[in-house]
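*Asks:* As a plain string of letters, each chain reads:
Protein chains: 2
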Amino acid sequence: MAAMADETGLEKNPANYVPLSPLSHLRRARDVFGQREALVYGDRRYNWNEVHERCSRMASALSSMGVKPGDVVSAVCPNIPAIAEAHFGVPAAGAVLNAINVRLDADTIAYVFDHCDARVALVDSQFLPTVQRALELMDGSGPELIEVADPAAGFPASGEYQEYEELLATGDPSFRWHDPEDEWDSISLNYTSGTTGRPKGVVCHHRGAYLMTMGTVISWEMTLYPRFLAVVPLFHCNGWCHTWMMPLVGGTIICCRNINAESIFGAIRDERITHFGGAPIVLNMLVNAPDAVRVRFDHEIRVFTAGAPPSPSTIEAVEELGFTIMQVYGLTETYGHVTECLHPAEWQGIGSEERYARMARQGIRIPVMEDIDVVDQQTREPVPHDGTTLGEVIMKGNTVMRGYYRNPEATREAFAGGSFQTGDIAYRDEAGYIQITDRLKDIIISGGENVSSVEVEATLMAHPAVSLCAVVARPDAKWGETPCAFVELKENMVAGEAELIAFCRERLAGFKTPKSVFFQELPKTSTGKIQKFELRQQARSM
Amino acid sequence: MAAMADETGLEKNPANYVPLSPLSHLRRARDVFGQREALVYGDRRYNWNEVHERCSRMASALSSMGVKPGDVVSAVCPNIPAIAEAHFGVPAAGAVLNAINVRLDADTIAYVFDHCDARVALVDSQFLPTVQRALELMDGSGPELIEVADPAAGFPASGEYQEYEELLATGDPSFRWHDPEDEWDSISLNYTSGTTGRPKGVVCHHRGAYLMTMGTVISWEMTLYPRFLAVVPLFHCNGWCHTWMMPLVGGTIICCRNINAESIFGAIRDERITHFGGAPIVLNMLVNAPDAVRVRFDHEIRVFTAGAPPSPSTIEAVEELGFTIMQVYGLTETYGHVTECLHPAEWQGIGSEERYARMARQGIRIPVMEDIDVVDQQTREPVPHDGTTLGEVIMKGNTVMRGYYRNPEATREAFAGGSFQTGDIAYRDEAGYIQITDRLKDIIISGGENVSSVEVEATLMAHPAVSLCAVVARPDAKWGETPCAFVELKENMVAGEAELIAFCRERLAGFKTPKSVFFQELPKTSTGKIQKFELRQQARSM
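As you go down the protein sequences, you meet chains A and B in turn. Using the working numbering, the letters of the first sequence correspond one by one to residues 1 to 542. Using the working numbering, the letters of the second sequence correspond one by one to residues 1001 to 1542.
Be aware that one or more of the hints could be misleading.
Said to hold, decoys possible - In silico EDC-like links for lysine to aspartate or glutamate, alpha-carbon gap of 20 Å or less: (1) B/1068 / A/7; (2) A/68 / B/1006; (3) B/1490 / B/1262; (4) B/1012 / A/409; (5) B/1012 / A/371; (6) A/12 / B/1413; (7) B/1515 / B/1413; (8) B/1068 / A/6; (9) A/490 / A/521; (10) B/1012 / A/181; (11) A/12 / B/1182; (12) A/68 / A/6; (13) A/441 / A/534; (14) B/1012 / A/182.
Don't read these hints as lab results, they were simulated from the structure.
The shape of chain A in the complex, shown without the other chains (with noise of 0.2 Å):
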């Protein structure tokens, strides 16, 4: 370090000293927010006070279970308060949380048992029959069940296993927390979703949370008492570490367990929702849905979307609903979001289409984020900020994993060159702001130019009757590969081949333009991603 002429006394003390941990929030949320509204799902509401006794409780239970420092704890829950507090209990009894993407299959739930070790899982009457098979393809005995009924909607406890509410009532209240000894310590493991080959488990630290809730605060210029709704997955890189946020502005969860235009419409109207975030995929949802379903509003609602590029016609769409887009970038490797479209003034003064255009682009990093740059995939030079030249995205910052848990060649390779590198393509336009164009393995090489899938998509969601798209690579005898386009239309709506082709082809050049399109509805992940590889694959065999 810089020292200073004389360092004596200056050390390190418990006073002077703590390590960053968003357990803090919960703390101060208990003595500052005591009263407020906190966590609510359904009939249920309960308040900083009560969700700070109710982790404790959940800490002080999962002690006894013989859960220790270090030790992994699963969930395998969509949005509802068990796996909100999971976030807080867990680390409070000094244990790493790996919240599990519930629509995995038994095999996959099966090997992320295995290979984090977990040693309890908190898993929803609704994903038990799922869970319990993936217990039978295990070698070992697997994670001792907790199970989280949720009767209201529709899944009983099954009575096999001590239910969730039983746990926490063997739970101590007052436990002292196991409050991390070093801030790089383990707070969550997030397995990738893994189009290909197994899952990676993203290793997350208290420090990156910690700083993640601050800097979205400022990201998303968030005042106190906001009203969030959960709708991204917290199986999700931690729902985008929001959960982990909203006790440090007193604000309220409200649990979405079913993400639907329905829910999400009626959560605006019946608990005032102020911010939410989603994948297009959900704005789409909102866009689409009949008017029986929508509700209008007058409050401002902020909404953060990532997950996928949203194509401009998407942000216009959501944007004359009435709700207030900023788009964000990031990575289950980065704690989620860490770009962000922020919408300078100046673009009040442009046309619509530009501006959507832009608000479409993933931008510049947010406030945590130390360096984001494109660089060349061959020299690794920063490319020019000209709005064309491709790259790839790499990231330093403070939310940047600290590694893929058991894969240190994984980790290398990922850190290679003293950056993370995020295998996402990419130009930078003149303000700087980065426009994604594809995952280096989606990109597109025909007649030896690079085709950016998410430009063809963009230009494809324009047209009246599309209400969703992929493009992919087909393999051509003659361009080595072509665009190739898969189209879900609008309900009542008709358009063909011929005509969207036509319609793309005014717009784009040659090249870039698809040479097929299929109409059909298209395979997605459970947060929303349309999943490339499936398409790929039917492109290669049709």
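We have chain A already, so just place chain B on it with the hints.
*Replies:* The following block gives chain B in isolation, referenced to the frame of chain A:
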């Protein structure tokens, strides 16, 4: 640490660990807010690109002068651009900023220069004679001086030293900053005003300065692009760290050289100020300003007040002018404010007298503080939240100083028991809000009863003729001590000793009522604190 079963490959690396520092905010502001207005002083206006460049030049020029990481660079300047820039330029050279109170006498300045071994000092032309006298008093040669001329304010360059703008011209605008290798590295060294004995040097680090900025955005409910008037002197706890915060939110710093009602109202009118901080004495200036000076405004202006407990009457009067006010409280040892008097919605329903009384409390801890409590002076156990039991305020958190420079004994004493001991006496109300009643050394003990000078002062301030007051202990043969009041009356108002004593007697217990009242101008420090030690001496000799 709480290790996971396998920690292989999960170490810190340059991609996932960057020392926290407010320097990151300036770097990001250049990238994200480059064209936005950053710093304003009279006719001078710089955007964030320009401020970044000027700070890089400063760091480069200081390095060329031989300043090395860990060295101290002093500044003796009012709130002008040079000292705002020094908050970034000095740390960018790896050095430690020592902002010195411009009101200090030559002897004390000489002591500070010598104690911290300042290498360079940036000195405003107005204060050059005092600093020159200080250098004459020193045994060594003292720091090399850079003169900061301000001809527009009537302080042209003396011609005896290199001028600040000349210095910047010698610097390299693309100088590579000496970012901290360790976030525990020192960023600033602030000498406490020291009412008795020599001032102590409070050492702050990059980590704390960074976290202070993040927490303050939340505490102040600040969204993007504030227009911040720098009223609090930057030599006072680095202006509560607000200068470091502005690039984080794309804000504009408007410099206020002369702190008076005319300057502040003028900036509100001309620069559309949205935020400023100031001691209660500054608020009283605004309240008591003549009509010709006052400016009406129709936008929200948020004001932090701290430095001394404001009276409920001051808060009421400032609110009537249209300001949104929140009291905060802290010490030089805590980088400034670490409690905030959050104003819950419920307070709107209570009577205004009670509401202003609550707003005069210091409140609860801000987001980045880990623990603030009031403990019994003997047992060190927390006092009950009963609104009466007195104890000492203690604190823990990442915005507590590293320690006192070259004074390990004072450091040890301050941190005895594992908390920072403030020496401030307070109670906690039913909501846990802290009300400071006195500095330990200011408390009055009359007939064995503790009398809070703050309480008696608040009572006197409610009298329509009282502009400002201070209450201290006066030795008394019978009672040991009795409260003795010093009062400044409002212009054209009259009130006699007997009237004020009777006014207090109606509202306070007999032992709390002042036995004597003197009418005079009160002695104040440059930061608006009343110098009670002088009044105590006066009271003793009267």
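*Asks:* Broken hints, numbered, in rising order?
*Replies:* 7 and 12
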